[in-house]
Amino acid sequence: MPRDDRLAHRYWGLLLPFTITYMRSAVDTEDERYMYTLGMDIGGTFTDFTLVDRESGEVTVDKEPTTPANPAEGALTGAHRILDENGVAFEDLDTVIHGTTLVSNTLIEGTGATTGLLTTAGIRDTLELRRGSRYDMFDWEMEYPDPLVPRQRRLELNERLNDEGEVVDPLDREEVRERTRTLVEDHGVDSVAVSLLHSYESDEHEQIVADVIAEEYPDLNVSLSSEVVPVIREYERTSTTVINAYVAPVVADYLEFLQSELTSDGFAGEVYMMTSSGGIVDVRTAKAEPISLVESGPAAGVLASRIFGETHDNDDVFSFDMGGTTAKGSIIEDGDVRMKYKADVARVHRFKEGSGYDLVSPLIDLTEIGAGGGSIASVNDVGLIEVGPESSGSDPGPICYNQGGDDPTVTDASLLLGYLNPENFYGGRMDLAAEKTESIFGEELADPLDVSITEAAWRVFEVVNENMATAFRRYAASRGLDTRGLSMTALGGAGPSHAFRVARKLDIDEVVCPYGAGVGSSIGLTEAPRMYEASSTSQAVLETLSADDFERQFASLREEAASVLERAGIDPDETEASLSLDMRHVDQGHEIKVPLEGRDIDDVTPDIAREAFERTYEETFNRETLEFPVEVLTYRLELSEGDRDAETSRLVVPDGESAAPDSRDVYFGGEHGSVATDVYRWDDLTPDESIDGPVVVEADQTTVVADPDSTLTVADNYDITIEL
Amino acid sequence: MSTTDDTDATESADLETQVLWNRLQATADEMYDAAERLAYSFSIREAADASTAVMTADGNAIGLSDQSVPVLSGALSRTTRIILEDHFPPETLEPGDTIITNDPWIGGGHLSDVVVLNPVFHDGDLVGITGSLGHTDDVGGNRGGWSTDAEQVYEEGILIPPTKLYEGGERNDAIDNIIRSNVRIPHQALGDLEALRSGNTVGEERVREIVDDRGKETFDRVAEEVIDRTERALREELADLPDGTYEDSTEFTVDEHDLTIQVAVTIDGDDLEVDFDGTSSQVDAGLNCPFGNIVTVTEYIVKCMLVPDLPNAEGFFRPIEVTAPEGSILNCDRPAATMARHLTYSHAEDALIRALGQVVPESALSEMAGIQLAPFSGADENGEEFIAVGGTAGGFPPSAHNDGIPGVYFPYNGKNTPIEMFERYSPLRWEETALVPDTEGAGEHRSGPAMRTSYHNPTDGPVYFALTSGRADRDPSGFRGGKSGKRATTGSSSDGKEVPPNGPGVLEPGETVTLVSATPGGYGDPEDRDPEAVEADVERELITEERAREVYGYEPDNS
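As they're listed, the protein sequences go chains A and B.
The working numbering applies: residue 1 is where the first sequence begins, and numbers increase by one.
The working numbering applies: residue 1 is where the second sequence begins, and numbers increase by one.
These aren't lab readings, by the way, just hints derived from the structure by calculation.
Heads up, a few of these hints could be off.
Chain B regions said to be covered by chain A (calculated; three or more residues, Cβ under 8 Å) [stated by the list, open to error]:
id, stretch
1, 158-164
2, 265-271
Label-pair distances were calculated between CB atoms; the ranges are [to be verified]:
id, chain 1, residue 1, chain 2, residue 2, range
3, B, Ala533, A, His80, 43 to 53 Å
4, B, Glu545, A, His80, 24 to 34 Å
5, B, Glu385, A, Arg552, 27 to 37 Å
6, A, Arg552, B, Glu224, 50 to 60 Å
7, A, Ala547, B, Asp220, 25 to 35 Å
8, A, Asp607, B, Asp495, 11 to 21 Å
9, B, Gly168, A, Thr713, 46 to 56 Å
10, A, Asp602, B, Gly168, 41 to 51 Å
11, A, Glu164, B, Val506, 49 to 59 Å
12, B, Lys497, A, Val167, 23 to 33 Å
13, B, Asp220, A, Glu574, 29 to 39 Å
Only part of the chain A face toward chain B is listed, based on derived beta-carbon distances under 10 Å [to be verified]:
id, residue
14, Asp139
15, Arg160
16, Gln207
17, Ile208
18, Val212
19, Glu234
20, Met339
21, Tyr341
Since we're looking at a predicted model, the values are computed, not measured.
C-beta: ideal position from N, C-alpha, C; glycine also.
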């Protein structure tokens, strides 16, 4: 690109209200193609973008309303804009890293493939019978979602393996053929889940089923339990495999559409997906195992918080990410993101844990609740305000967007409280309809409650904040953690305006709103160290293992992970492996994850494993291990490209010119009431400046609010810290 | 639900209460998780038959795990108070102690339910007690786990009175040896005790952290407030209900025992009396409930029907006074046998639901189907003893709001055993887990269909089982016009062999035994059922078209 063009783009970048100010050092490498990475995170309401110039390390961000009917459309519109505005051609782009709520939305909305299940004779109802327990023993209105595969599409095969994986009753290929035909011809299935008893131990029969189906219907999607999640316990494995089969065709169509559109725009690089565990996979893996994408977007937000925490020397961070539809919370301890291996999605009963579809998959341990800017407020039977979990999303959106929404939402409340600027919202791309919002708030909320419109708005704001705080407290408490003393990182369009109240409720006294907070999770996509976790199950008593056994297991996992990362353009020699084992005493019901800190694949011995088990046991259960034998069940290896130097890529910040603030009345409830408040543009702040609250700071993608009892400081890189 | 008009001062005290209450509740859940993960018995590690509690130093529950089994949920604090009063007063406790007992009259009501308590000390002061209770499958005695056939408790296994398994952190090897010598699979029984103790040590650490963080005064203040608030909440609810006495009774038969349960529920202002006067005398079979059981199941049903959303804690038990005649099946004397007492107390729960249902009909359910429990034991090919638990669940009954849910345990809240785990830890083959069409309790809201499971013995030796089948004597009745469900049945693949639904049996080599659960009654008239729902049931092969026509007036659209 000629130098003049680059300058021109810089100039345009300053003028265009849509992107954070763009700037690039004048590197003269005319003949070389610039290499760029684009992060795209599709949320329920907005899609966020991050463009990284890997030559200079500069990062630019933007956002675009999500298009629920075909989320790829909004993603492509936004991708075009951010590239155009930065003078980058699709040819200059070599990597797209993508986060999406597609999988969870498909489950919530029930828009997956017509799916069939082939399973062992006698157990087709396992999927429907679940585990027989009640997730809330006091709630007699509990419900479960209808199984993703109804009974008539669950067919049985006369075969049996035993618990060693040996064939007891052989599989009949003809029967497989007939059953598959029934599923396809009579029931019109587009996708088949295969889950046979004991196939965590041997995939022999499942592979035959896959072969026969491929002969008969080569285009039919097939998900095998032995590939998707080879773990013992047939309900959990079957449920996970069924979810995978249900979403796989949708994900495949989506990714193929996105890729072909990108290709026709000139893109010749690779698309990678962020997984629920914060790892990345290429499109091929994502299509085969979409189960790993269930929390694709939310995971990126936690990774972003970790990066921002590092920038501020905070190892213990509460990641708070609030968008239009949901709010996510997660605790980062000693710089480590927490993991879990089970979840349930698309909850049908009051969003209670356990009321959704069960799955087993590695996920970042975060809590997500239906509380966002679009969450709808109403007055309930007992005369109290309720907020969410229903959301107006991006279509029709809050009342104030003036796009047909007529339910009061949290964003509307923020407008009425003075937190949002009706004339300069979303970088001026949208004028907010204040009068209409007031009149509906009056009718729907203020009048029934007999309070002022402002008070009604405050109650909406407070109830949603309390809902989030309660969910976050429970999340922290159930993991034995405490939110006090943590530093909160506030991300998402709504995060920085709610953080001051949520933090106070959690006894947190510091909130960091990073520059670019409004699109924080897409920053996590491009900037987090890329990693992949591989695992394998092989049960054995510790005494029977040797150092060679450990090395063989871990070496093969390393190979698997390295090949995934290599396809993501990462040099395997530049990666770091961290190892862990799932262990327990022989005959105990469940295992514990035992990290092998500082160990390489070739120096794990049974003694080292035992010591690590004893240490973890003691830390976890506050007691010594038993004098009973110990066994290993699962080997895990996380391969990561290693922490990037925080300085190598950074958001482009303004040129340091300050401007005087505006002022407007802002409502803070309680003793403060309505207060005349200074309102700054984020880009007009002065680095190292300290401002006493109340203060409002506006950016294109978000608004920061600090109450009268707080102090706001601006860092060199324009990150804002609120001391509460 | 949050309110918005608190001043900052009370907000911060309320916030502190709320935060610490959440932590206490979460501590109980964390304890539960630890105990379940580390346990050896199927009943705890797969079936979740356990409960955990954080208690004050005088044995009042301030955090109870939500995952607990109902009958065990309230049991821990009651047990703890008995032990503090009669066995180990506070001055006899020291850091590192662990007290165990499985005395049915003190703990969970039968020998398999083992109570484990740890005192929590902070700077030398006793600040609380953590407790875990779990069903250990092997307590010696006759083969089984929930057998009906013993006449006295002595036949049912080893009984350990409240005893220190650990004293000041040192394990009491004598107790260890006594247990080892009385059970078939020592490492399983002892492993369960250690798992439950691990739940407690996790809880101990958390309670100490809270006291460290906030000080003992705050901890005590919050504990008191948790108890006061739960008590107040139930009292307020009771005060709103019409005063009066509401009665119900039920008759049932297990083996040759014809039994009656009568209940009279009296609401008097903000007090609730539940009296089981008129209930049958205790019998020479494992069907008797020690009094503690009927107290805890009553508390459970009352909570579900009146204040289901309230976090569970001691105060909530205080407005409820339960009485049952001494020497009855709901308040049996030593040395009555009690192993299968769930067959009895589940009928008391039904009677109670109907009695309270006269006051809060929208919270009532149709008659429950109970559960079938099938512990199998014997020696495998290598001569190693095993115990593996199978069974069925009759499902959650339908209500004014919803259809019933098949395969769910109710009122017990356990989990089914995965076939893959069952086969890994026993030589048996679990053949089938299936829904049985046309077995639902029909109604506007129907119950789920029955659950059928079957077990095959491929070995050369006999395998022993001890069955209990809820509702095998008659079909559970419908409610408000709903039709009755189906009774539980049992069968064998051997010609002419009858398998009694309750009691011990032998699974011979090559034989398969099949269990079919009962189903709850329907709720409301089946003719009022949404035709689309009927059609969906037909399409899903849960109800045949023929039955749909007969019972629901289904007329398929032929277009």
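Comparing the hints with the structure gives:
no.: 1; hint: 158-164; result: violated (count 0)
no.: 2; hint: 265-271; result: violated (count 0)
no.: 3; hint: B:Ala533 to A:His80: 43 to 53 Å; result: 48 Å, holds
no.: 4; hint: B:Glu545 to A:His80: 24 to 34 Å; result: 55 Å, violated
no.: 5; hint: B:Glu385 to A:Arg552: 27 to 37 Å; result: 35 Å, holds
no.: 6; hint: A:Arg552 to B:Glu224: 50 to 60 Å; result: 59 Å, holds
no.: 7; hint: A:Ala547 to B:Asp220: 25 to 35 Å; result: 53 Å, violated
no.: 8; hint: A:Asp607 to B:Asp495: 11 to 21 Å; result: 58 Å, violated
no.: 9; hint: B:Gly168 to A:Thr713: 46 to 56 Å; result: 53 Å, holds
no.: 10; hint: A:Asp602 to B:Gly168: 41 to 51 Å; result: 44 Å, holds
no.: 11; hint: A:Glu164 to B:Val506: 49 to 59 Å; result: 27 Å, violated
no.: 12; hint: B:Lys497 to A:Val167: 23 to 33 Å; result: 30 Å, holds
no.: 13; hint: B:Asp220 to A:Glu574: 29 to 39 Å; result: 56 Å, violated
no.: 14; hint: Asp139; result: 5 Å, holds
no.: 15; hint: Arg160; result: 8 Å, holds
no.: 16; hint: Gln207; result: 19 Å, violated
no.: 17; hint: Ile208; result: 20 Å, violated
no.: 18; hint: Val212; result: 24 Å, violated
no.: 19; hint: Glu234; result: 5 Å, holds
no.: 20; hint: Met339; result: 16 Å, violated
no.: 21; hint: Tyr341; result: 13 Å, violated
Consistency with the previously given hints fails for numbers 1, 2, 4, 7, 8, 11, 13, 16, 17, 18, 20 and 21, ordered from lowest to highest.
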